[in-house]
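Just so you know, the sequences run in chain order H and C. Convert by adding 189 to the 1-based position in the first sequence; the result is the number in the working numbering. Convert by adding 189 to the 1-based position in the second sequence; the result is the number in the working numbering.
It should be emphasised that the hints constitute simulated quantities derived from the structure, not laboratory data. Take these hints with a grain of salt, some might be off.
Unchecked claim - Pairwise CB distance ranges (calculated):
1) H:Ser499 / C:Glu463: 43 to 51 Å
2) H:Arg466 / C:Asp533: 45 to 53 Å
3) H:Gly231 / C:Gln481: 49 to 57 Å
4) C:Ala211 / H:Gln224: 51 to 59 Å
5) C:Ala211 / H:Gln524: 45 to 53 Å
6) H:Gln521 / C:Asn796: 51 to 59 Å
7) H:Glu476 / C:Thr315: 53 to 61 Å
Every residue gets a Cβ at the ideal spot worked out from N, C-alpha and C, and that includes glycine.
Number of protein chains: 2
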Amino acid sequence: MRFRIPLLTLTALLAAGPCLRADEGMWTFDNLPIQKLQAKYGFTPEPSWLDHLRLSSLRFPGGSGSFISADGLVLTNHHVGRSHIQAVSTKDHDYVKEGFVAPTRADEIKVPGLELNTLMSMENVTDRVNKAAAGLSEKAALKAREVELGRLQKELQDRTGLTAEPVTLYQGGEYWLYAYKKHTDVRLVMAPEMGIAFFGGDADNFTFPRHNLDFSLFRVYENGQPYHPAQHLQVTRTGVKAGDLTFVTGHPGSTGRLETLAQMQASRDFEQPERIRFMEGLKRACEAYAAQSPEHARQVSSMIFGLENSIKGRSGYLAGLKNPEAMARIAQAEQDLKAKVAADPALQARVGGSWDAIAGALASQKALLPQILHINNLNSTLLGFGLTLVQLAEEAPKPSAERLKEFSDANLAVVRKRVLVNRPYFPELETAMLTRGLEDALAALGAGHPFVQAMLGGRTPAEAAKAAVAGSRLSDPEVRKALVEGGLKAVLASEDPMLLLARKLDAPSRQLHKAVDEQVTSVLAEHGGRIARARFDAYGKSVYPDATFTLRLTYGPVASYAANGTHIQPFTTFHGLFDRADGWGPEAENGAWALPKRWQEAKGRLNLDTPFDFVHAVDIIGGNSGSPVVDRKGELIGLIFDGNIESLPGRYFYDGAVNRGVAVDARAILEALDKVYDDQPILREIQGK
Amino acid sequence: MRFRIPLLTLTALLAAGPCLRADEGMWTFDNLPIQKLQAKYGFTPEPSWLDHLRLSSLRFPGGSGSFISADGLVLTNHHVGRSHIQAVSTKDHDYVKEGFVAPTRADEIKVPGLELNTLMSMENVTDRVNKAAAGLSEKAALKAREVELGRLQKELQDRTGLTAEPVTLYQGGEYWLYAYKKHTDVRLVMAPEMGIAFFGGDADNFTFPRHNLDFSLFRVYENGQPYHPAQHLQVTRTGVKAGDLTFVTGHPGSTGRLETLAQMQASRDFEQPERIRFMEGLKRACEAYAAQSPEHARQVSSMIFGLENSIKGRSGYLAGLKNPEAMARIAQAEQDLKAKVAADPALQARVGGSWDAIAGALASQKALLPQILHINNLNSTLLGFGLTLVQLAEEAPKPSAERLKEFSDANLAVVRKRVLVNRPYFPELETAMLTRGLEDALAALGAGHPFVQAMLGGRTPAEAAKAAVAGSRLSDPEVRKALVEGGLKAVLASEDPMLLLARKLDAPSRQLHKAVDEQVTSVLAEHGGRIARARFDAYGKSVYPDATFTLRLTYGPVASYAANGTHIQPFTTFHGLFDRADGWGPEAENGAWALPKRWQEAKGRLNLDTPFDFVHAVDIIGGNSGSPVVDRKGELIGLIFDGNIESLPGRYFYDGAVNRGVAVDARAILEALDKVYDDQPILREIQGK
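So that you can see chain H by itself, here it is in the shape it has in the complex (with noise of 0.2 Å):
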């Protein structure tokens, strides 16, 4: 007979405290779990390695990226510089369908509006944030914060001429100021074709075994010169097996796992069922116009991609709230921090009454989010822009403390710049999105809602659509930049219609912001920060923070899961790429599965045992998209481009047994580039010959 320990000690044993799963853990670079790594891998890294890291790294809009040569070369996936190929296509060349190689350098394409960041200081001033806020009220305490944070943010950037970013980690109970170095002059070299970088489309999307070549290349440029940065990954010689230690550097956007149960069972029962069903609504709108042209399907093609990605997400964190051993383990140790806190009277006067505050603060946010679904989200370009171009000229001349916090001297400059930034515009499209908004609105709201009677003035949405978008010169950058310039005046002054919507919109979009910021951002930021504070009391910093879209490292080894009834494989090769095109074969769903003409030519040519893609337990979650993946010895091994399916519920609680990063194989894309791009100069400068 053999010894087995009873399940119910198991699941008692790790429901107990705060116990950390696996090699969980999205780290902070200033609070590594140095022991565990040393304990469990035999590794410890040093500072220098550790500064390698972080000064390879890049911060794209939205994702990740990073230095893969001296001469400034970036490395990020296909589906992060999706949005940037589209910019640079034109009608006659579809970047992101065909492909992009720049023969030299000098035909590299310059990303308009497109912002790098390398993280190159990070400053705690928890202590100065929270003195200002001593003694105040709630709301008045925010306040504070928000003001002091600004100060020294701006007195940051003066000192350093860095980009300062205010960063709140646990939910309040840290406050940080992180220092970017900003690149502005980014240009485009290489992108395989969305084929093969995004083979089988959306429904391969969060799964594995997985075929996608998700990479694509840029350059960073300073005064007109490839960029040299101090620190780049060098490409491995060695490449990776089953069972090797992996390093991730990348920025995780949002993760709620220090939420209180409340917030997650609110998040389950409305919020979350609500977001998807707008984005449904949304997307059919999308594919609809997309149905009438190809120009228009390639308008939207982006915006329909990202929808699908986020409903599958949003489907798969709902799936981890419906996890009822999950919830149970959440439950519990929440009950025994709210334990400590009821054993400590000074406690328990402090932060004994935040969980009822927040389960008020989660009922008016259920009672407002119909608005904060649709005066927020009219998908109207011009109308962003005329809102901007309003609340700048309004807020502009007041005092930095009493702005919107958007407009506040920090970010000033950055919203100027933004606002004239010259972005794609379709008028069709304009026209469509604006009156699918303001329908959606209607019949979410009632055609009594001061926001919809503001908005329509008795017209039909169609009718108030078009009049704004046909008579409107907000498309032109020049016209904006009258706008800024004008200040108030200027606005007031001008009879744009669309511009005239904008001003119907600000008073409702200011409520509303004003109503949330009271009833439920402030609650939720003063009584989660004093929760948090508790569990630092309790816990300190053995636990890490949630994700905020900042510079974090998460580590695991290559591991097959079980899933799908069997034992996934931990690795994919080039022969699983035509396994599938080929069992699909190249009609199949609208051809989803067809391989591009450049990949069929050269098969023959391809070693078709190379590795593809892989799997390792990290813990990653949306924004980690391109983040580099490293070995001991900090070479990049792959790079990050999803998690699996069982990954999703990671926005709540971890779980190691099934969560992995999905990474392409370096090598996969020195085979290809070799083999199939025949890209050799690329090829030569990633591996430093």
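The hints should help you fit chain C onto chain H, whose structure is shown.
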């Protein structure tokens, strides 16, 4: 806005009545859904087409097969043939592991004891059987039906020279006699290596995408010459593609789709969990035995495989029984039938109490389950022989009607033959299994249970088992033959310790047999039959009967399905085989994904685009293994070897959206015979050249 049918309405429509979903159905050859086939696929099977399929189909012990040449060549799964391939293996050659190719017909190896059957005719004897039981009590009716069926069976055998078997359809709604031609000289022709036939091992069992070449070839001989069957299947020259209609003929073993809700709930709440627990214990014992030496591992590999298969299967059933939507549908269908019964006073008088009677029988079954599991499952070959010898000696002298069912006139010759078969015998395995069986029974039933006391007689399980095995000569067929011929006198005179143990087992075994018959089987048969006849009255033969390991036909298209967060490709290819082998590497999971040497060497010669396995929406279950898959022309396009994991709840209900049969593509078999095994004679024979 798009028009969408509200989901509620659709669900309501599907729930009403015994509505057959998708291409559901394991149809008997006398009752095919001709109109549906014509309406949906424009195909009406001709009688000659059906005869061709039926006469080409074969029943294997526990599986299915088909004739695929005019010279009696037989195709089935490797896993259906496995125990027979093992039986002809030697200490020097493990043909299961190494594979086997007979260079000439003279090298084909006769498999001892293997019998195949062709279904020659079917006769509906319902009226005659029910007439014999008219007006009798439950218990008497059960016996009377048995006696009448036995009489008719013998009559048919005497008349035709065929082997007749009684078949109960619709839980007693219909009684049939199926007449088989029996083939007893069956020889092994070719078997691929286990490593390719069962690539991925138990991990991959029941999954897809799959890469198993799960076939083996046998040949039927008659009078020492290859047998020429009346019909055989021609292998396709054109292949099959996604969307193509497929047909499967085979022997689904057992389903419970027409069981009452209470029966399914009893399966869910105690029977399946208990049986899983029992098998897990037996598997652990086998693994401990296998760990002792490679030879021990060889002896039990087939048994471990069977256990793993059964555990995963029953876990899948359990998942189905825990599906709330499906159970709600089944409950609704039962409510509908009950309402029809209640509306008809005569029907109500006959059937109204049957659901409660079945519930009572289930309570008895629950109470008897520990004895059922432990008294009948001691897993000793010798004790099995011993009990048969004892009971044969006791039963044979009685009139047929008074005997235990398995010793009836029709079965007697078969029993006499089986007890003399020369089965592989390993004394150490015998001792280990019998020890473990007695230990398990002691733990489950307690030292005071009469069965335990009789078997142990004050000794420990190990002592009792060791003494019985060590001193027994029952492994010698000649010894058993003398006991069969010597009858009761010889049995009573024998001092063989295993025979003495069997005599002690006799009484508790009979007692349990009687209790199960009286309290469970007869009640379920009688009242299941009443409910089934009421269902007949209501719905006729628009529904198909539960599976009974008799020949059925099912059909449906080659089709993808949604799983693992994506859409699953309908075909796999040889590329995929190498993707998985390379993706795991030869060392992973104890070499479970390592390819046989012959396959590694053949890689360069293979056309890797060749289809390997495919999935199709057919309604199959265990026992269908080895079933031929044919197209509209009746040509062989594939070979069923599994269902996907989503098909397991098919024991209780069919879900056409995700339930899929998994088949080897005929083209994979041809490519492998040609390029890997270089078996040109067999290739020509199959291709009819």
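Tested hints:
1. H:Ser499 / C:Glu463: 43 to 51 Å: holds, 45 Å
2. H:Arg466 / C:Asp533: 45 to 53 Å: holds, 47 Å
3. H:Gly231 / C:Gln481: 49 to 57 Å: violated, 35 Å
4. C:Ala211 / H:Gln224: 51 to 59 Å: holds, 57 Å
5. C:Ala211 / H:Gln524: 45 to 53 Å: holds, 47 Å
6. H:Gln521 / C:Asn796: 51 to 59 Å: holds, 57 Å
7. H:Glu476 / C:Thr315: 53 to 61 Å: Once the Cβ atoms are compared, 56 Å apart, the range 53 to 61 Å for Thr315 of chain C and Glu476 of chain H holds.
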